[in-house]
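Below are the chains, spelled out letter by letter.
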Amino acid sequence: MAEAASPKKKIEEVPEKLHVWPYLVRLEFLCALVVIIALAVWSIVIDAPLEEAANPTKTPNPSKAPWYFLGLQDILVYFDPWFAGVVAPVLIIVGLMLIPYLDVNPKGNGYYTYHERKVAIWVYCFGFLVLWIALIIMGVFLRGPGWNLFMPWQYWDPHKVVALVNVDLPYAFGFRDYTWSAIFGGGVLLAYFGIGTGAYFFMERKALKSVGFLRMFLKIQLALIMIGIVIKIVLRIGFNIKYIMVTPWISV
Amino acid sequence: MANKSPQIPNIAELMDKIKSGKIFSEIAKEITESQLWTSSFRHGYADTPRNRVLQIASNVWLHLHPVKMHRHALRIKFTWCMGGITFLLFLSTVVTGVILMFYYRPVGEYAYYDMKYLQYDVPFGMLMRNMHRWAAHAMVITVWLHMFRVFLTGSYKPPRELNWVIGVFLVTFTLLLSFTGYLLPWDQLAMWAVTVGTNMARATPFLGNEGPFAEFVGVTPRYDARALLIGGSLVGPPALLRFYVLHCIFIPLIAGALMIVHFWRIRKDGGISGPL
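Heads up: the protein sequence lines correspond to chains A and B, in order.
Quick note on my numbering: the first sequence kicks off at 1 and runs consecutively.
Quick note on my numbering: the second sequence kicks off at 1001 and runs consecutively.
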C-alpha cells in the first residue's frame, strides 16, 4: 500500500505547468528524428511506382482514383456521379466544418471520454472508420476489373459476368408510368426526410430551446443523409434496387 | 617539470565512472574548457527559468510555441504526436519537392523522361522522389489521424471552433496537394487516376456537361467545370501544366498561410486542449 501510494505523490509534486523549453522542444526533436529516419529507411528500401508512359488510348481496367478517394469512388456504385463525386465530398467538408457549431455538448472538452458524448463518438467513428476507411480498404484490395468485387484469393478475371438485375424502387412497387414513378420516388424521399426530421424534433423537443432550431435541423439533415447512404447501399446489395427516385434531370 | 608518466587506466575505476555517468560530465568539462570552445562561445547556457522563457520567446522558429504548457499536453498518449508529424512531413515534401523541381519539366514531351532521368541518372534522384511520394502518402494518413484525435478529445469545442474549421481546410488541401502531385509522373497510373478523379467534375450540378440541370446552363465538354480544371476535354498536357502550378505554387502557399494561422491559434486559444 505504502509503496503504491508513493509514486503518485511524487507526480503531484511536479508543477501543473511546465516550460516548453526544454520539455516539449526536446520531445519534438526526438519525434522528428524518429520520423525522418523511418522515412529515409522506407524510401531507400521501397521505390515509388512508375508505370509505362501515359497513353490516352489505353485505359487500364480497373481505373482507380488515388487510394484516398477510393471510398468516394466506391459510393459511385450506389449513386450517380453528381452525388458521389461532387455533392458527397462537399457535404463531408461542410459537415466536418459545422461540427463545432452543431455539437453544443459542453462536456468532453479536452480529454478522452466515451460516456459523456456517446452519440458524437459513434457518429464520427462510423463515418470515419466505416464509410471512409473501410470503403478505401475495400476499394484498394477488393475491387477488380469492371469494379467488380474480388476476394483476395480470387483471380481478377476481366471477363467476369455479373448479371444486371437492378430495378428502380418505383418499378419494384409496380409503377410503370414515368410521371407516377417520379412522384412516388419523390414522395419516398420527402417522407424519409420529413418523418426523420419530425421524429428527431419530437424526441428532442426538450432540447429545442437550449440547442436552437437551426442547429437541430442541420444536425438531423446531415445525419439522415449519412444514414441514407447506408440504406441505399443495403437496398442495392440486398434488394437490387438502383434508384429511389427517377426523373429526366436527376436520379437518386 | 613534474614527471607525468602515462598512467595505465584503472579498469575498475573506469567502469565505475561509466556506470555512474560521471564520465560524461568529465568529457563535457574537457570540451567546454578547451581553448577552441571558449574562444567560440562567450558564455554557457544557464538553465534558469528566465532563459527557458527566452529560448522560446526570442527565437523566430520556436516562438509559435507558448512558453509554458500543461503537463498533460506532453503525453504522447494524449496527442499521438500526429499534428507535429504532419507538419514535419509537409516540410520534408517541400525540401525534396524543390530538389525534384530542378530536374522535372511539366511538359507532355518531357515529363515522363524526366522521371526516368531522376530514377537512373540524377544522384540520389530516386531517393528524393521516394521520400517525396512516401512523405506525401504518410501525410494524408497522419492528418486524418490528427483529426481523429482532435475529435476524440473534443478539442474542437469552444474556444477552438475556428481552428477546427481551419483544420478541415488543411485536410482538404492536403488531399488536393496529393491529388495534383499524383498526375506529375505522367505515367499510366497518374493519367488514369486523375482522369477518374476529374471525371467527377463533369457531373457537377449546373456546371458540368453531364451533371443534372446542365441543359439549362449550356455547358459543353470543352466548356464546363472539368474543362476549367484540366484545361481541355481530356487529361492532356494543359492539365499537366495546371496541376504542376497548383501543386508547386498555389496550394502550398494557401496551405502554408493556413498552417501559420492554425499554429498561432493553438497558442492564442490557450495551448492545446486539456481538461479544464
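Accuracy of the hints is not assured; some may be wrong.
To be verified - The list that follows gives simulated cross-link-like pairs (lysine to aspartate or glutamate, EDC-like), each with its CA atoms no further than 20 angstroms apart:
| id | chain 1 | residue 1 | chain 2 | residue 2 |
| --- | --- | --- | --- | --- |
| 1 | B | Lys1068 | A | Glu28 |
| 2 | B | Lys1077 | A | Glu51 |
| 3 | A | Lys17 | B | Glu1161 |
| 4 | A | Lys58 | B | Glu1161 |
| 5 | B | Lys1116 | A | Asp168 |
| 6 | B | Lys1116 | A | Asp47 |
| 7 | A | Lys58 | B | Glu1109 |
| 8 | A | Lys242 | A | Asp157 |
| 9 | A | Lys107 | B | Asp1269 |
| 10 | B | Lys1077 | A | Glu16 |
| 11 | A | Lys107 | B | Glu1161 |
| 12 | B | Lys1116 | A | Asp80 |
| 13 | A | Lys64 | B | Asp1187 |
Stated by the list, open to error - Stretch by stretch, here's where chain A covers chain B in the computed footprint (C-beta under 8 angstroms, at least three residues):
| id | region |
| --- | --- |
| 14 | 1084–1092 |
| 15 | 1148–1157 |
| 16 | 1185–1195 |
Source of the hints: derived by calculation from the structure; they are not laboratory data.
This structure is a prediction, so every number in the text was calculated from the model and none was measured.
The beta carbon of each residue, even a glycine, is placed where N, CA and C say it ideally should be.
Worksheet item: Which numbered hints does this structure break?
Response: 2, 3, 4, 5, 8, 12
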